[in-house]
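Numbering of the sequence shown is given in UniProt numbering, commencing with residue 1 and proceeding in unit increments.
Hint data in this document are derived by calculation from the structure and do not stem from the laboratory.
Any given hint could be a false lead.
As the list claims (entries may be wrong) - Straight-line alpha carbon distances no greater than 27 Å define the calculated BS3-like cross-link-like pairs of lysine-lysine that follow:
id, residue 1, residue 2
1, Lys28, Lys104
2, Lys104, Lys65
3, Lys35, Lys104
4, Lys35, Lys76
5, Lys28, Lys95
6, Lys48, Lys104
7, Lys12, Lys104
8, Lys65, Lys30
To be verified - Ranges between beta-carbon positions, derived for each pair:
id, residue 1, residue 2, range
9, Asp80, Lys104, 32 to 42 Å
10, Leu110, Glu27, 29 to 39 Å
11, Pro75, Lys2, 23 to 33 Å
12, Ile46, Met1, 33 to 43 Å
13, Lys104, Lys30, 28 to 38 Å
14, Glu4, Ile59, 33 to 43 Å
Quantities reported herein were computed from a predicted structural model and do not represent experimental measurements.
Where a beta carbon is used, it is the ideal one built from N, C-alpha and C, also for glycine.
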Amino acid sequence: MKTEISWNDFEKIDIRVGTIIDAQPFEKAKNPAYKLWIDFGSEIGIRKTSAQITVLYGIDDLIGKQIVAVVNFPPKQIADFMSECLVLGVVGSDKEVTLLAPGKAVENGLAIG
Numbered sequence: 001m002k003t004e005i006s007w008n009d010f011e012k013i014d015i016r017v018g019t020i021i022d023a024q025p026f027e028k029a030k031n032p033a034y035k036l037w038i039d040f041g042s043e044i045g046i047r048k049t050s051a052q053i054t055v056l057y058g059i060d061d062l063i064g065k066q067i068v069a070v071v072n073f074p075p076k077q078i079a080d081f082m083s084e085c086l087v088l089g090v091v092g093s094d095k096e097v098t099l100l101a102p103g104k105a106v107e108n109g110l111a112i113g
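Sequences are here, hints too, so could you generate the full structure?
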């Protein structure tokens with residue numbers, strides 16, 4: 001288990017639901033990955049990121065899929081691509097990632113908390 005945090009620490013993290021609207025192979029990434037464009041609704045808009053999720057997901061599986069992501073990290077350069085959010089997932093024993101998603105379709109941009 002990681003170090004205990006306070007409720008105030010948790011409240012600083014902005015976790016939102018978004019829908020993947022585009023996905024492309026990320027050929028310049030060190031490890032197999034996709035470039036993703038995610039619609040977080042009118043308040044946040046479209047953010048892009050890369051995700052190492054190629055073991056369990058093909059591009060066709062991703063388009064239209066709702067996911068959960070942190071949207072208030074600063075942008076991070078990954079190879080020639082600027083990542084603007086962090087998609088959340090569960091990492092299995094073989095390093096495969098299962099994306100976190102709402103159990104039912106919800107409005108893009110809704111906050112987790």
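Hint check:
| no. | hint | result |
| --- | --- | --- |
| 1 | Lys28 to Lys104 | violated, 34 Å |
| 2 | Lys104 to Lys65 | holds, 11 Å |
| 3 | Lys35 to Lys104 | holds, 24 Å |
| 4 | Lys35 to Lys76 | holds, 13 Å |
| 5 | Lys28 to Lys95 | holds, 20 Å |
| 6 | Lys48 to Lys104 | holds, 23 Å |
| 7 | Lys12 to Lys104 | holds, 25 Å |
| 8 | Lys65 to Lys30 | holds, 25 Å |
| 9 | Asp80 to Lys104: 32 to 42 Å | holds, 37 Å |
| 10 | Leu110 to Glu27: 29 to 39 Å | holds, 33 Å |
| 11 | Pro75 to Lys2: 23 to 33 Å | holds, 25 Å |
| 12 | Ile46 to Met1: 33 to 43 Å | holds, 35 Å |
| 13 | Lys104 to Lys30: 28 to 38 Å | holds, 36 Å |
| 14 | Glu4 to Ile59: 33 to 43 Å | holds, 39 Å |
Violated hint for the displayed structure: number 1, the only one.
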